[in-house]
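Peer 1: Protein chains in written order, with full-length UniProt numbering: chain A, 1 to 331; chain B, 1 to 331.
Hints are computed from structural coordinates only; laboratory data are not their basis. Hints may contain errors.
What the hints assert, rightly or not - Under 10 angstroms between C-beta atoms, here's a sample of chain A residues computed to sit facing chain B:
# : residue
1 : ILE52
2 : GLY149
3 : MET178
4 : GLU188
5 : GLU210
Yeah, the Cβ is synthetic: ideal placement off N, Cα and C, and Gly gets one too.
The residues making up each chain are set out below.
Protein chains: 2
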Amino acid sequence: MTESGKLTEFELIARYFSNVGCSAKAAINAVPLSIGDDCALISVPPGQELAISIDTLVAGCHFPEDASPYDIGQRVLAVSVSDLAAMGAAPLAFTLALTLPEVDQEWLSGFSQGLRKAADLYGMPLIGGDTTRGPLTLTVQVHGAVESGRALRRSGARIGDRVFVSGTLGDAAAALAMIQQRLAVASEDDKSFLLSRFYCPEARVKLAGELLACASAAIDISDGLLADLGHLCRSSAVAAKIYSQRLPLSSVLDSLVAKQQSIDYALTGGDDYELCFTAAPAVRKHIEALSQQCGIPITEIGEIIAGDHVACVGPDGVDLAINKAGYQHFR
Amino acid sequence: MTESGKLTEFELIARYFSNVGCSAKAAINAVPLSIGDDCALISVPPGQELAISIDTLVAGCHFPEDASPYDIGQRVLAVSVSDLAAMGAAPLAFTLALTLPEVDQEWLSGFSQGLRKAADLYGMPLIGGDTTRGPLTLTVQVHGAVESGRALRRSGARIGDRVFVSGTLGDAAAALAMIQQRLAVASEDDKSFLLSRFYCPEARVKLAGELLACASAAIDISDGLLADLGHLCRSSAVAAKIYSQRLPLSSVLDSLVAKQQSIDYALTGGDDYELCFTAAPAVRKHIEALSQQCGIPITEIGEIIAGDHVACVGPDGVDLAINKAGYQHFR
Numbered sequence: 001m002t003e004s005g006k007l008t009e010f011e012l013i014a015r016y017f018s019n020v021g022c023s024a025k026a027a028i029n030a031v032p033l034s035i036g037d038d039c040a041l042i043s044v045p046p047g048q049e050l051a052i053s054i055d056t057l058v059a060g061c062h063f064p065e066d067a068s069p070y071d072i073g074q075r076v077l078a079v080s081v082s083d084l085a086a087m088g089a090a091p092l093a094f095t096l097a098l099t100l101p102e103v104d105q106e107w108l109s110g111f112s113q114g115l116r117k118a119a120d121l122y123g124m125p126l127i128g129g130d131t132t133r134g135p136l137t138l139t140v141q142v143h144g145a146v147e148s149g150r151a152l153r154r155s156g157a158r159i160g161d162r163v164f165v166s167g168t169l170g171d172a173a174a175a176l177a178m179i180q181q182r183l184a185v186a187s188e189d190d191k192s193f194l195l196s197r198f199y200c201p202e203a204r205v206k207l208a209g210e211l212l213a214c215a216s217a218a219i220d221i222s223d224g225l226l227a228d229l230g231h232l233c234r235s236s237a238v239a240a241k242i243y244s245q246r247l248p249l250s251s252v253l254d255s256l257v258a259k260q261q262s263i264d265y266a267l268t269g270g271d272d273y274e275l276c277f278t279a280a281p282a283v284r285k286h287i288e289a290l291s292q293q294c295g296i297p298i299t300e301i302g303e304i305i306a307g308d309h310v311a312c313v314g315p316d317g318v319d320l321a322i323n324k325a326g327y328q329h330f331r
Numbered sequence: 001m002t003e004s005g006k007l008t009e010f011e012l013i014a015r016y017f018s019n020v021g022c023s024a025k026a027a028i029n030a031v032p033l034s035i036g037d038d039c040a041l042i043s044v045p046p047g048q049e050l051a052i053s054i055d056t057l058v059a060g061c062h063f064p065e066d067a068s069p070y071d072i073g074q075r076v077l078a079v080s081v082s083d084l085a086a087m088g089a090a091p092l093a094f095t096l097a098l099t100l101p102e103v104d105q106e107w108l109s110g111f112s113q114g115l116r117k118a119a120d121l122y123g124m125p126l127i128g129g130d131t132t133r134g135p136l137t138l139t140v141q142v143h144g145a146v147e148s149g150r151a152l153r154r155s156g157a158r159i160g161d162r163v164f165v166s167g168t169l170g171d172a173a174a175a176l177a178m179i180q181q182r183l184a185v186a187s188e189d190d191k192s193f194l195l196s197r198f199y200c201p202e203a204r205v206k207l208a209g210e211l212l213a214c215a216s217a218a219i220d221i222s223d224g225l226l227a228d229l230g231h232l233c234r235s236s237a238v239a240a241k242i243y244s245q246r247l248p249l250s251s252v253l254d255s256l257v258a259k260q261q262s263i264d265y266a267l268t269g270g271d272d273y274e275l276c277f278t279a280a281p282a283v284r285k286h287i288e289a290l291s292q293q294c295g296i297p298i299t300e301i302g303e304i305i306a307g308d309h310v311a312c313v314g315p316d317g318v319d320l321a322i323n324k325a326g327y328q329h330f331r
């Protein structure tokens with residue numbers, strides 16, 4: 001401690017960030033050296049490649065300024081792990097670069113508890129990081145392992161493949177509307193469901209590992225289904241046709257807003273962190289079995305066709321006109 | 001482009017951050033998949049471990065608010081690569097999480113040019129990242145390869161080892177004093193030398209690779225020699241005695257400030273990004289040869305002894321009293 005009683009950078013790390021995710025024995029074996037040296041060391045299993053993704057969350061942009069530190073801690077890891085899931089990679093370890101306006105021990109305590117919960121859930125130790133002073137900004141890099149040459153890329157979709165999504169869509173967009181007081185929700189149960197969909201998205205890691213054997217391409221839905229399926233189509237040089245009536249909606253969302261609004265949330269709302277993937281029609285039965293096995297709904301919402309854009313067919317068989325093609329920073 | 005003529009996130013990445021460091025053929029072979037998917041993929045060479053380090057630079061804290069974007073671009077990569085050097089790891093690839101208050105194309109152009117220069121120097125492609133809107137903050141994670149079990153750790157110093165440093169110390173601290181108008185520098189050549197020591201530190205990658213064979217422990221000097229040698233000693237459960245008269249000072253620093261001030265800069269000034277390492281006295285000749293071979297001065301400044309702190313012996317043979325043991329955020 002300094003003379004003023006404040007924590008130093010090293011004490012802060014020791015108090016709040018030591019042994020995060022260290023119950024993950026398998027992952028620990030892949031980390032010969034963790035926090036405390038100039039670098040951490042990762043030993044990638046033979047025959048595997050390392051999948052990496054880095055994401056930044058900025059206060060007031062990616063989460064409300066007054067979000068609970070526990071929720072932020074959970075969410076910052078989950079959204080990055082979702083990128084590993086989109087490649088079919090198994091979580092290995094993560095790093096955290098934390099920029100804080102001041103040492104607020106109450107905030108740090110809540111944040112590190114949320115982070116620990118997510119790290120335990122995904123079996124990922126925190127193996128390195130940086131703490132700096134400045135406006136609240138969190139950057140996480142996740143590291144996963146996937147069999148060499150087998151990662152699920154965005155570029156593998158083929159004409160005739162079907163388009164699938166996991167879970168339900170639009171809940172996180174409705175949650176954000178509720179948080180920003182654009183959507184009134186009376187029931188405490190509904191509120192709590194929506195908040196958990198926004199703050200505790202569950203990265204579809206287990207499902208993704210199984211999809212390695214049968215999916216042709218995958219992406220996680222962070223910017224909105226239309227935008228993300230659009231990325232997948234561009235990478236694969238194909239188009240997609242999806243059907244609004246097939247979009248999987250939670251009963252909570254269905255009960256809260258009119259059909260047209262829920263479809264809009266499902267198509268253009270970000271932050272769902274479900275998987276959108278393509279697969280040949282022949283493996284449809286296998287995918288149904290995976291859905292049972294993993295306990296996660298999987299819905300076939302459309303097909304891959306020739307062309308260069310994503311169209312959504314409405315209930316009357318006519319393409320919906322969509323204005324907002326997913327969230328973009330800097331727009 | 002959006003209707004307002006502003007770049008979207010995707011256009012920004014394509015325009016300023018595609019093919020950064022891609023002249024590095026060897027490194028490219030280790031990257032089966034780069035920017036543009038949910039994750040990048042790294043293929044670690046057989047028998048090697050991956051060394052990783054993440055660092056954040058915050059405007060106004062780690063560099064002056066009015067620093068040139070070109071200088072920031074160079075520096076943000078160099079300071080992270082220095083961590084790879086401290087482990088003896090060879091640069092492989094890096095990721096960049098960039099938080100920007102707005103899309104300032106002049107700033108982005110300068111920044112990406114500086115970043116490209118450093119990426120080419122270290123032979124590292126930019127393989128992934130994130131761009132977000134918020135206060136100017138830059139986070140880089142570097143990835144390097146080192147033979148399994150051979151990385152230079154902080155914990156390997158043994159009693160009787162000698163303490164060495166590369167290059168000269170204190171120049172970056174003098175540069176910062178100059179930038180902050182605490183130090184007047186008349187000569188344009190001296191100004192330019194100091195600025196380049198602060199903004200373009202050269203990570204000692206080549207030297208570090210050679211040190212794998214003969215050094216017992218290493219750390220890079222980012223927080224100041226006393227603080228960083230202190231970290232090394234704590235990790236190794238030893239103490240160190242160094243001699244102020246042996247500290248390597250540049251002729252520019254020597255000519256600009258009184259001896260006592262230059263010693264203070266060298267001991268406690270951060271940002272030098274030189275290597276501090278320990279080695280058995282028996283390999284002293286070998287280290288002299290490496291210094292010649294790499295064209296980098298290496299100076300023996302002291303020895304590893306039993307105990308628990310770092311002492312600096314002054315010219316009169318009496319320990320110097322040092323107040324400030326290196327830079328810490330949050331102090």
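Peer 1: Each hint needs a verdict: does it hold in this structure or not?
Peer 2: Now for the hints, and whether the structure bears them out:
About 5 angstroms separates the beta-carbon of A:ILE52 from the nearest beta-carbon of chain B, less than 10 angstroms, and the hint is met. For the restraint placing A:GLY149 at the interface with chain B, the shortest Cβ-Cβ distance is roughly 8 angstroms, inside the 10 angstroms limit, so the hint holds. At a threshold of 10 angstroms, the smallest CB-CB gap from A:MET178 to chain B is about 23 angstroms, leaving the interface hint violated. Because the beta carbon of A:GLU188 sits about 33 angstroms from the nearest beta carbon in chain B, more than 10 angstroms, this interface hint is broken.
Interface restraint check: A:GLU210 against chain B, minimum CB-CB distance 17 angstroms, threshold 10 angstroms, status violated.
The structure does not agree with the numbered hints 3, 4 and 5 stated previously, though it agrees with the rest.
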